[in-house]
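K.L.:
Each chain, letter by letter, is given below.
Protein chains: 2
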Amino acid sequence: MANPKNFGIKDIARAAGVSVGTVDRVLHNRGKVSEIALKKVNEVLQKNEYRPNLFARTLGSNKNYKIVVLQPEPADDPYWSLVNQGIEQSMKEWIHYGVTISCCYFSLHRKSSFESVAAKALKLKPDAILLAPILYVETISFFRVLKEKQIPFALFNTNITETDALSFIGQDLYSSGRLAGELICLGQTGTGRFGVLHVDEDLNDSIHLVQKEKGFRDFIAGFYPFRHTVESLNRTSSTDSSFRKKLGQLLSQPDLKGIFVSSSRGTETAASILKGHGKGNIRLVGYDLLKKNIVYLKEGVIDFLIHQNPQQQAVEGINCLANHLIFKREAKRVNLFPLEVITSQNLESYIQDQAEFTSVNS
Amino acid sequence: MANPKNFGIKDIARAAGVSVGTVDRVLHNRGKVSEIALKKVNEVLQKNEYRPNLFARTLGSNKNYKIVVLQPEPADDPYWSLVNQGIEQSMKEWIHYGVTISCCYFSLHRKSSFESVAAKALKLKPDAILLAPILYVETISFFRVLKEKQIPFALFNTNITETDALSFIGQDLYSSGRLAGELICLGQTGTGRFGVLHVDEDLNDSIHLVQKEKGFRDFIAGFYPFRHTVESLNRTSSTDSSFRKKLGQLLSQPDLKGIFVSSSRGTETAASILKGHGKGNIRLVGYDLLKKNIVYLKEGVIDFLIHQNPQQQAVEGINCLANHLIFKREAKRVNLFPLEVITSQNLESYIQDQAEFTSVNS
DNA sequence: AAAAATAGTGTGTACGTACACATTTCCAAA
DNA sequence: TTTGGAAATGTGTACGTACACACTATTTTT
Numbered sequence: 400m401a402n403p404k405n406f407g408i409k410d411i412a413r414a415a416g417v418s419v420g421t422v423d424r425v426l427h428n429r430g431k432v433s434e435i436a437l438k439k440v441n442e443v444l445q446k447n448e449y450r451p452n453l454f455a456r457t458l459g460s461n462k463n464y465k466i467v468v469l470q471p472e473p474a475d476d477p478y479w480s481l482v483n484q485g486i487e488q489s490m491k492e493w494i495h496y497g498v499t500i501s502c503c504y505f506s507l508h509r510k511s512s513f514e515s516v517a518a519k520a521l522k523l524k525p526d527a528i529l530l531a532p533i534l535y536v537e538t539i540s541f542f543r544v545l546k547e548k549q550i551p552f553a554l555f556n557t558n559i560t561e562t563d564a565l566s567f568i569g570q571d572l573y574s575s576g577r578l579a580g581e582l583i584c585l586g587q588t589g590t591g592r593f594g595v596l597h598v599d600e601d602l603n604d605s606i607h608l609v610q611k612e613k614g615f616r617d618f619i620a621g622f623y624p625f626r627h628t629v630e631s632l633n634r635t636s637s638t639d640s641s642f643r644k645k646l647g648q649l650l651s652q653p654d655l656k657g658i659f660v661s662s663s664r665g666t667e668t669a670a671s672i673l674k675g676h677g678k679g680n681i682r683l684v685g686y687d688l689l690k691k692n693i694v695y696l697k698e699g700v701i702d703f704l705i706h707q708n709p710q711q712q713a714v715e716g717i718n719c720l721a722n723h724l725i726f727k728r729e730a731k732r733v734n735l736f737p738l739e740v741i742t743s744q745n746l747e748s749y750i751q752d753q754a755e756f757t758s759v760n761s
Numbered sequence: 400m401a402n403p404k405n406f407g408i409k410d411i412a413r414a415a416g417v418s419v420g421t422v423d424r425v426l427h428n429r430g431k432v433s434e435i436a437l438k439k440v441n442e443v444l445q446k447n448e449y450r451p452n453l454f455a456r457t458l459g460s461n462k463n464y465k466i467v468v469l470q471p472e473p474a475d476d477p478y479w480s481l482v483n484q485g486i487e488q489s490m491k492e493w494i495h496y497g498v499t500i501s502c503c504y505f506s507l508h509r510k511s512s513f514e515s516v517a518a519k520a521l522k523l524k525p526d527a528i529l530l531a532p533i534l535y536v537e538t539i540s541f542f543r544v545l546k547e548k549q550i551p552f553a554l555f556n557t558n559i560t561e562t563d564a565l566s567f568i569g570q571d572l573y574s575s576g577r578l579a580g581e582l583i584c585l586g587q588t589g590t591g592r593f594g595v596l597h598v599d600e601d602l603n604d605s606i607h608l609v610q611k612e613k614g615f616r617d618f619i620a621g622f623y624p625f626r627h628t629v630e631s632l633n634r635t636s637s638t639d640s641s642f643r644k645k646l647g648q649l650l651s652q653p654d655l656k657g658i659f660v661s662s663s664r665g666t667e668t669a670a671s672i673l674k675g676h677g678k679g680n681i682r683l684v685g686y687d688l689l690k691k692n693i694v695y696l697k698e699g700v701i702d703f704l705i706h707q708n709p710q711q712q713a714v715e716g717i718n719c720l721a722n723h724l725i726f727k728r729e730a731k732r733v734n735l736f737p738l739e740v741i742t743s744q745n746l747e748s749y750i751q752d753q754a755e756f757t758s759v760n761s
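Here the protein sequences come in this chain order: A and B.
One rule links them: number in this note's numbering = place in the first sequence (from 1) + 399.
One rule links them: number in this note's numbering = place in the second sequence (from 1) + 399.
Be aware that a few hints might be false.
What the hints assert, rightly or not - Computed spacing ranges between beta-carbons, pair by pair:
| # | chain 1 | residue 1 | chain 2 | residue 2 | range |
| --- | --- | --- | --- | --- | --- |
| 1 | B | F726 | A | V694 | 36 to 44 Å |
| 2 | A | E630 | B | G621 | 41 to 49 Å |
| 3 | A | V694 | B | R429 | 47 to 55 Å |
| 4 | B | P653 | A | D475 | 51 to 59 Å |
| 5 | A | T590 | B | F726 | 55 to 63 Å |
Said to hold, decoys possible - Chain B stretches covered by chain A per the calculated footprint, using a threshold of three residues with CB under 8 Å from any CB of chain A:
| # | segment |
| --- | --- |
| 6 | 573 to 585 |
| 7 | 734 to 740 |
Derived by calculation from the structure, the hints in this document are not laboratory data.
Treat the numbers as computed from the prediction; the structure is a model and nothing was measured.
Ideal Cβ positions, reconstructed from N, Cα and C, are used throughout, including at glycine.
Please model the complete structure; the sequences and the hints are all you need to start from.
P.N.:
The structure is reproduced here in structure tokens:
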């Protein structure tokens, strides 16, 4: 034994001349303690710092915590499928500590689904909730219920600051847009014309894409103080003909320097369109390591991908809540992920990394 | 509570029709188990994944493991100081699991110091060793001692393949060089002249820098199939006048497109020289988030930093060994880190990450 | 005054694992 | 057949905490 033993509940009892039961009652203010005993125990506690053994505690009180994840349906979108992979990894890690995780999926297409899904989530009587607040309006009212029911929750992917969430896990989206701007301007000279594409997203509901676009525009404006154009195109559905027409016009502009796509799935779409128009050499910046994006990046159609690390966001979200429940450990209010730049030459190193194991003790 | 409790040692015993003692002996190959019992238990183990309860384990066995880290003196080099920060974080994480970590530092200037430091490390009777095999020659003989004493060890930062280390944690340096090439060529056209700088490094001893240079040259050769020049300059000391002269010549070449520095501390040096020559606009690619590098990146003197993530390398190195000791878990033979690209626009997101990293420590 | 309720306290068991020790089994030697 | 002894197996206790429960001592009710 190299370390001096920890001063435990037994030692307190001996020092105070009472039983461990009494010490336990004092420590947890369960009442039923005489004033004289209370005083004796408190005296001992003041002289010796007591740090409960967390292993013994979690082992002894065989509590089971339930965490519920509220996120968009993974089958609808490969991005959310990646998130889901992270959740599934977390399940395996935490099950041994008595934490069970279940998922409730809402549809991005039928926003009205959110309410019923949220209700379903609450029926599971979760001890904490991890939430991707994609649908701003629909989510806001849900927060009130959570506050009422005193259910702690964390947000990921998109931040909504005006809540009292335990923590937000994700990236700074304005900076993400700026980064996209930087990547698209690298080595460029002369005048600049750029496109920002939002594909199949409802801009009313998704502030996050607006933040990205703002960052992008701000950077471009700084880089080309005078002569630049940024056009924003929004595809509302896969059969949106006005979008096609506008995009066709944009692509035929001789001074078009690059295109920025604001979402991961949109990046696939944009790459396929560019390739179809024989414009694969136009600089294209998008998001995330979706399978198709990887292929387009290797081909050179996509030049840069910004990695949002959806799996890890999910993992850290769960970690935050589980640590809160088990160890009563306070979480960082904001856990910002680095904005990772992926090119054809470091792509391989990220793909290999995918399978990595991350330990629970963080 | 109908909780899906973990499948524990007791459950295994019941399923196999033996006692927990027998299961314990099988799990830890303590021997004294009949073949028939062994078979029965193993059958159960194959059908059900058994993951021991960490809490119960550390509580039950009051074992204390000691890991010793052998790395260059952090005071000598800011890079190794970052590594050391990672080690210190790991200490706090693993102390709860009965793992204590101590460090032994050798000097990069007096290579002979390695031997005595290594001996000091062994005197601590470590259960495992984490080693940065920077000094190739000096390290090789140490491996023999480790093998003799049956001390498991892992390597990080630099790989030496011909050993039976438990694991290597670090980056693929050839790819790192290729990535540098890609970053330096971005948006460049015409002919290309480039410089590769090795600053204050003994190339005989450090194969890793050679690997980076090879990757760099290979990429450039692919990008400029015909017209390109890559000059390699090696500064042996801070007063190396031939280096200064050659570098001055290189900087005056009109077609100089960029400079690649192979080490993190060298990047600082190169940036200061370029700035001094008024050549801050030449594209400069280097390594790591040293304080000065951060400043130069913000100023625009440095264009790209490749992040080797020294802290995390250290953390994962310790994780690997600790998992090996506690869980008897086999480590990945090679744990390759992603090659992270840092620019002025995503820098902040990495620094913020850093800050949280250190605040968790305290 | 006896019975009952209440406050205060201590004891015992459980949690899942590790490990020491006790017990049983089995086979070979006496 | 008995016995010695090793091999195989089971049992018990410890780890530090939580919590149910049992037990006193004191007070209140009938």
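K.L.:
All hints, please: hold or fail.
P.N.:
Verification of the hints:
Distance hint check: the CB atoms of F726 (chain B) and V694 (chain A) are about 37 Å apart, consistent with the given range 36 to 44 Å. A C-beta distance of roughly 34 Å is found between E630 (chain A) and G621 (chain B), which places it outside the suggested range of 41 to 49 Å. Between V694 (chain A) and R429 (chain B) the beta carbons are some 51 Å apart, a value that agrees with the proposed interval 47 to 55 Å. Judged by the Cβ atoms, the range 51 to 59 Å given for P653 (chain B) and D475 (chain A) holds: they are separated by roughly 55 Å.
For T590 (chain A) paired with F726 (chain B), a C-beta distance near 60 Å keeps the hint of 55 to 63 Å intact. For the segment 573 to 585 of chain B, the stated coverage by chain A holds: 7 residues have a C-beta nearer than 8 Å to a C-beta of that chain, and at least 3 were required. Taking a C-beta to C-beta cut-off of 8 Å, the segment 734 to 740 of chain B contributes 7 residues in contact with chain A, enough for the three needed, and the coverage statement holds.
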